[in-house]
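According to the numbering used here, the sequence shown is numbered sequentially starting from 1.
Derived by calculation from the structure, the hints in this document are not laboratory data. In this text the structure is predicted, and so the values were computed from the model without any measurement. All residues carry an ideal CB built from backbone N, CA and C; glycine is no exception. Some hints could be false.
[To be verified] Label-pair distances were calculated between CB atoms; the ranges are: (1) 67 / 262: 46 to 52 angstroms; (2) 246 / 300: 19 to 25 angstroms; (3) 321 / 43: 24 to 30 angstroms; (4) 171 / 236: 30 to 36 angstroms; (5) 257 / 208: 36 to 42 angstroms; (6) 93 / 247: 29 to 35 angstroms; (7) 262 / 68: 47 to 53 angstroms; (8) 270 / 102: 41 to 47 angstroms; (9) 270 / 43: 51 to 57 angstroms; (10) 71 / 41: 42 to 48 angstroms; (11) 218 / 289: 24 to 30 angstroms; (12) 270 / 44: 48 to 54 angstroms; (13) 71 / 318: 39 to 45 angstroms; (14) 257 / 207: 51 to 57 angstroms.
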Amino acid sequence: MKSSPYQTGRPCRIGFIQVPGYSAISSFCAIEPLRMANQLTERQLYEWQLLTADGQPAEASNGLSTSPARVFDCDDEFDMVFVCAGVRVKQACDRRLINWLQHLARRHVPLGGLCTGPYILARAGVLDGYRCTVHWEHISSINEETEFPNTLFSSKLFVIDRDRYTCSGGVAPLDLMLNIIKEQCGSELAASVSEEFIHDRIRGVGDSQRVPLRARVGPGQPKLLEAVALMEANIEEPLTLSELAHYVNISRRQLERLFRAHLDRSPTRYYLELRLKRAREFLLQTSMSILDVALACGFSSSPHFSKCYHDYYDMPPSQERRRQATQIRLTALAPTTVPTTQRTPGHDPKL
């Protein structure tokens, strides 16, 4: 953790690299707590710069763009640098960005990633030997491809491991920044910033990303929670309904009643949906063949997998792949100039 701006007497300078398709909500949830910390203390505790490959605003996944921006490999001294990414993250891993992140790592600049930004950090090799997290949609595919054997990905909301700060998407960067503010400037300021954003609890490193099933069905259904956990842990080689019932020590009929009562579907149907959702993650996020995806998700053959996939998603897996390829191709052919957000004359963006 960098020294407190209270101690150094100068602002903590943070760079936010915005790659095309970055998550706007994640990016702004990281910046806004810094702005509010300055506002509440009436001091310039934090400064930030938006950085892009060409110095022009990058278009977010929602079609908006924000100015001003500077070239990301500028020579400015930063105390921390975050990579803000979102959709099409693999296409955003260009050599210039990788080289600059490696340069920053050699200079011992603390690095972070928001939403799918940790994937870019991992591609640059600057997460080797570190624990980290990434948006939950990408965790399974990253672990399946074993592309980063020296990096440990978790499903935590955010992870702080020495000088690496990685965070899942959505509003999770708000909690990460609140924890950084707490460490640097004290818990009182962090709590005040949290209150300003109507954020009733500052989540910590122990919190997980997805709303757990326990929160949906309540803590009074331990057998159901145990059965679902077994399903999630056995995707490639699915357990039979009898095996599930045996492991959670109830009868098959009791197990079926639990699923019907609390999840409105049979355990067999719930298990199938889990496997199909995992398969879709692999199809969209990896280069695995359709047969390999089928086998990794517990289907005995490609035709059986294709039929189940079509029944659930209303298209075969091959069409899903083609549709994604078309979207990537159209994005690559789109004009590189994007509209910039207009600034009101005389408006200070930090107020």
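Comparing the hints with the structure gives:
1. 67 / 262: 46 to 52 angstroms: Holds: the Cβ-Cβ distance is about 49 angstroms, inside 46 to 52 angstroms.
2. 246 / 300: 19 to 25 angstroms: Holds, since residue 246 and residue 300 (Cβ atoms, about 22 angstroms apart) stay within the stated range.
3. 321 / 43: 24 to 30 angstroms: Cβ of residue 321 to Cβ of residue 43: about 52 angstroms, so the range 24 to 30 angstroms is violated.
4. 171 / 236: 30 to 36 angstroms: Distance hint for residue 171, residue 236 holds at roughly 33 angstroms.
5. 257 / 208: 36 to 42 angstroms: Since the Cβ atoms of residue 257 and residue 208 sit about 28 angstroms apart, the hinted range of 36 to 42 angstroms is violated.
6. 93 / 247: 29 to 35 angstroms: 41 angstroms, violated
7. 262 / 68: 47 to 53 angstroms: For residue 262 and residue 68 the Cβ distance comes to about 51 angstroms; the hint holds.
8. 270 / 102: 41 to 47 angstroms: 44 angstroms, holds
9. 270 / 43: 51 to 57 angstroms: 53 angstroms, holds
10. 71 / 41: 42 to 48 angstroms: Violated, at about 31 angstroms.
11. 218 / 289: 24 to 30 angstroms: Once the Cβ atoms are compared, 41 angstroms apart, the range 24 to 30 angstroms for residue 289 and residue 218 is violated.
12. 270 / 44: 48 to 54 angstroms: At roughly 53 angstroms between Cβ atoms, residue 44 and residue 270 fall inside 48 to 54 angstroms, so the hint holds.
13. 71 / 318: 39 to 45 angstroms: 41 angstroms, holds
14. 257 / 207: 51 to 57 angstroms: Violated - the Cβ-Cβ distance for residue 257 and residue 207, about 32 angstroms, lies outside 51 to 57 angstroms.
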